[in-house]
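Chemist: What follows is the residue order along each chain.
2 protein chains.
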Amino acid sequence: MENKKNFHATVHYDPAICPVARTLKIIGGKWKPLILHLIGQDINRFGQLRQCMPGISKHMLTEQLRELEHDGLISRSIYAEVPPRVEYSLTGKGGSMLGITAAIMEWGMAHL
Amino acid sequence: MENKKNFHATVHYDPAICPVARTLKIIGGKWKPLILHLIGQDINRFGQLRQCMPGISKHMLTEQLRELEHDGLISRSIYAEVPPRVEYSLTGKGGSMLGITAAIMEWGMAHL
DNA sequence: AGCAATGGTCTGGTTTTCCTGACCAGGTAA
DNA sequence: TTACCTGGTCAGGAAAACCAGACCATTGCT
Numbered sequence: 001m002e003n004k005k006n007f008h009a010t011v012h013y014d015p016a017i018c019p020v021a022r023t024l025k026i027i028g029g030k031w032k033p034l035i036l037h038l039i040g041q042d043i044n045r046f047g048q049l050r051q052c053m054p055g056i057s058k059h060m061l062t063e064q065l066r067e068l069e070h071d072g073l074i075s076r077s078i079y080a081e082v083p084p085r086v087e088y089s090l091t092g093k094g095g096s097m098l099g100i101t102a103a104i105m106e107w108g109m110a111h112l
Numbered sequence: 001m002e003n004k005k006n007f008h009a010t011v012h013y014d015p016a017i018c019p020v021a022r023t024l025k026i027i028g029g030k031w032k033p034l035i036l037h038l039i040g041q042d043i044n045r046f047g048q049l050r051q052c053m054p055g056i057s058k059h060m061l062t063e064q065l066r067e068l069e070h071d072g073l074i075s076r077s078i079y080a081e082v083p084p085r086v087e088y089s090l091t092g093k094g095g096s097m098l099g100i101t102a103a104i105m106e107w108g109m110a111h112l
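Just so you know, the sequences run in chain order A and B. Counting along the first sequence from 1, when you hit position 62 you're at 62 in this note's numbering, and nothing is skipped either side. Counting along the second sequence from 1, when you hit position 101 you're at 101 in this note's numbering, and nothing is skipped either side.
Keep in mind the hints are simulated off the structure, nothing from the lab. Check each hint, because a few of them may be wrong.
[Said to hold, decoys possible] Computed footprint of chain B on chain A, listed as stretches where at least three residues anywhere in the stretch have a Cβ under 8 Å from a Cβ of chain B:
hint : segment
1    : 30-36
2    : 61-71
3    : 101-110
[Unchecked claim] To be clear about the criterion: a stretch of chain B counts as covered by chain A if any three or more of its residues have a C-beta under 8 Å from a C-beta of chain A, and this derived list gives those stretches:
hint : segment
4    : 73-83
5    : 103-111
Predicted model, so just to flag it, every value in this text is computed and none were measured. We treat Cβ as the ideally placed atom computed from N, Cα and C, and that holds for glycine.
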C-alpha cells in the first residue's frame with residue numbers, strides 16, 4: 001500500500017484505459033448515437049436527418065456530422081445536381097457502432 | 001400528398017416513438033452509461049465511483065445517481081455503520097442496461 | 001482538542017451545449 | 001422577376017451542464 005492511506009476503499013481502475021469511458025468520449029453526446037442509427041436506416045440526407053431530430057438546429061447538426069466524419073464513422077458524398085444533394089453513409093467503423101444503437105433500441109422496445 | 005410541398009424529401013418517422021431517441025433521453029448524458037457499467041462491476045460506493053470518474057464533482061455524481069434511482073435503474077442502501085456506508089446496486093431494469101454498456105465496451109476494445 | 005473517515009449538501013461561477021434567425025449559392029419553375 | 005430547392009455558414013445569446021471548495025454529522029483514535 002505504500003504511501004497510500006485508506007487502502008481498503010481504493011479501486012484499482014484506470015479510466016484512461018476503460019473502453020466504456022473512451023467510447024463515450026466519441027459518441028457520448030446528446031445526438032450522435034441517434035444520428036448513427038438514422039444513417040444506418042438509410043436516412044442519410046441533411047434535411048431528412050433534421051426532420052427526425054426535433055429541436056436540433058442546423059448549426060448543431062452540421063457540427064455533429066463534421067465530428068462523426070472527423071472520427072471516421074461516417075463519410076460525406078456530394079452529388080453535383082441542382083439543387084445539390086449530399087448523402088452521408090456509415091464507414092466500416094461507423095457500421096460497427098450499430099451494435100450499440102441496436103442494443104439501445106432493444107432496451108427501449110422492451111422497457112418503454 | 002395533400003397540403004405537403006416537397007413530398008419526395010419527407011421522411012415518415014416519429015421521434016416520439018423511436019426507441020433509440022427515447023432511451024437516449026434516459027441514459028443520453030455524459031456520465032450515466034459509465035455509472036451503470038461501474039455499478040455492474042461491483043464498484044458500488046459513492047467514493048469508489050468518484051475515483052473511477054476523473055473530473056466529476058460530488059454534486060454531479062449525486063445528481064446522476066439520484067436520477068438513475070428515480071428512473072428505477074439503481075437502488076440505494078444505507079448501512080448504519082460508522083462512518084455510514086452507502087451502496088448502490090442495479091435493479092432488474094438497470095441490469096438490463098448492461099447489454100448496452102457491454103456493446104459500448106466491445107466497440108471500444110475493438111476500435112481504440 | 002484535533003483529526004480522520006464516509007457520503008453527502010450548498011453557493012457561486014465557468015464552460016459547454018445548444019438554439020434562433022438571417023444570409024448565401026446557383027439553377028429552375030411560375 | 002420573384003420565389004423555391006438543398007445544404008449549409010455565421011453572429012449572438014440563452015440554457016444546461018458542470019466544477020471547485022466550503023461545510024455538515026457522527027464516532028473513534030490519539
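Chemist: Each of the hints needs a verdict: does it hold here or not?
Modeler: Verification of the hints:
Under the rule that three or more residues need a Cβ within less than 8 Å of chain B, the assignment of the segment 30-36 of chain A holds, with 3 such residues. Only residues whose beta carbon comes within less than 8 Å of a beta carbon in chain B count, and the segment 61-71 of chain A has 0; fewer than three means the coverage is violated. Figure legend: the segment 101-110 of chain A, annotated as covered by chain B; annotation consistent (10 residues with Cβ-Cβ distances under 8 Å, at least 3 required). Residues of the segment 73-83 of chain B lying with their CB closer than 8 Å to a CB of chain A number 0, which falls below the three-residue condition for coverage.
Under a criterion of three residues with beta carbons nearer than 8 Å to beta carbons of chain A, the stated coverage of the segment 103-111 of chain B is upheld, 9 such residues being counted.
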